[in-house]
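> Next come the chains, spelled out residue by residue.
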Amino acid sequence: MDREAEFRRLYAAHRVAVHAYFTGRTADRQSAADLTQDLFLRVWQRLETVADLPADRQRAWIFTVARNLSVDAHRHQLTQAGTEQALALARRDPPEPASAPVIAAERVAVVGAAIARLPEQQRVTLAMATAGQLTSAEIAAALGVPAGTVRYRLSLARRAVAAALDRYDEPREDQ
Amino acid sequence: MSLDDDLAAWAASVRLPDAEAAAMFERIVRTPVVTPPDAPVSSPPAAAAGLDPSWWRHFSAGFAARMVASNRPVRRAA
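Residue numbers (the working numbering), protein chains in the order written: chain A, 26 to 200; chain B, 12 to 89.
You may find that some hints are simply not true.
[What the hints assert, rightly or not] Here are some, though not all, of the chain A residues that point toward chain B, as calculated from beta-carbon distances under 7 Å: (1) Arg40; (2) His44; (3) Gln83; (4) Ile128; (5) Gly137.
[Claimed, not checked] Some chain A residues well away from chain B (every beta-carbon gap over 10 Å; in silico): (6) Tyr36; (7) Ala38; (8) Arg142; (9) Gly169; (10) Ala172.
[What the hints assert, rightly or not] Where chain A lies over chain B, by a calculated footprint (3+ residues, C-beta under 8 Å): (11) 19 to 26; (12) 67 to 81.
If you're looking for bench data, these hints aren't it; they were derived computationally from the structure.
Idealized CB from N, CA, C, for every residue including glycine.
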């Protein structure tokens with residue numbers, strides 16, 4: 026087996042989804058990158074085991090390891106720090122009227138802060154759907170939950186983000 | 012701007028850049044592969060140090076014979 030070619034295939038197939046999953050779990054971009062590297066290092070070390078599995082079980086194996094990694098105590102501390110940082114950002118005073126690029130950046134920050142405040146299951150699901158570009162069925166398979174549950178979580182998460190954006194838009198509409 | 016546009020903009024801001032992903036890939040594939048502890052052992056187990064088992068068989072048999080002989084009642088002279 027050409028180890029590097031096989032690993033490249035797995036990395037290309039799952040990297041975006043795995044990083045989106047960790048983004049949802051940690052609400053922190055750097056922690057998500059670190060965890061993604063940790064996970065694929067394990068895939069590299071266990072490549073013979075993973076490569077022999079059917080495609081659907083490869084995904085299940087990868088996300089089982091991802092779940093185990095993300096509950097690590099040290100990582101949990103990072104998660105808390107990342108969430109608190111995001112919440113602190115959300116508590117800032119409303120910004121002054123600004124130019125279009127600044128408003129766009131602010132809207133991204135509002136969305137990020139709203140996502141950081143979501144319950145973890147909703148945050149992970151929304152991150153996998155948006156940043157990971159996975160379908161409800163793919164998210165369901167990765168997380169081991171029914172597709173209907175995924176769609177429900179997505180609906181709640183999107184509603185919460187929309188409400189946060191409405192609150193952001195209101196002051197400017199009053200002016 | 013729609014909610015989907017806002018979410019897409021957020022997703023773009025958190026997504027791992029391709030250059031960073033490529034660097035991560037290179038770091039990983041340069042890592043030596045460590046054989047997991049539960050991997051099958053490829054070489055046969057080393058022979059146990061010490062005396063050959065046949066020596067112990069002879070020794071045990073001789074020891075048993077001496078023990079039996081030493082406990083046999085002494086035959087008195089008629």
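> None of the hints should be skipped; say for each whether it holds.
Hint-by-hint comparison with the structure:
Hint status for Arg40 of chain A relative to chain B: holds, with the closest Cβ pair at about 6 Å, below 7 Å. Annotation: interface hint on His44 of chain A holds; nearest CB of chain B at approximately 5 Å, less than 7 Å. Annotation: interface hint on Gln83 of chain A violated; nearest CB of chain B at approximately 17 Å, more than 7 Å. Hint status for Ile128 of chain A relative to chain B: violated, with the closest Cβ pair at about 9 Å, above 7 Å.
Interface hint at Gly137 of chain A: satisfied, since its Cβ lies 6 Å from the closest Cβ of chain B, which is below the 7 Å cut-off. Not every C-beta of chain B lies more than 10 Å from that of Tyr36 of chain A, the closest at about 6 Å, which undercuts listing it as non-interface. Look at Ala38 of chain A: its CB is around 13 Å from the nearest CB on chain B, clear of 10 Å, so calling it non-interface holds up. No Cβ of chain B comes within 10 Å of the Cβ of Arg142 of chain A; the nearest lies about 13 Å off, and the non-interface call holds.
At the 10 Å boundary, the C-beta of Gly169 of chain A stays outside the reach of chain B, the nearest C-beta of that chain being 23 Å off. Here Ala172 of chain A stays apart from chain B, with its beta-carbon at least about 20 Å from theirs, past the 10 Å limit. Counting residues of the stretch 19 to 26 of chain B whose beta carbon lies closer than 8 Å to any beta carbon of chain A gives 7, which reaches the threshold of three, so the coverage claim holds. Coverage of a stretch by a chain is defined here by at least three residues with a beta carbon nearer than 8 Å to that chain's beta carbons; for the stretch 67 to 81 of chain B and chain A the count is 0, and the condition is violated.
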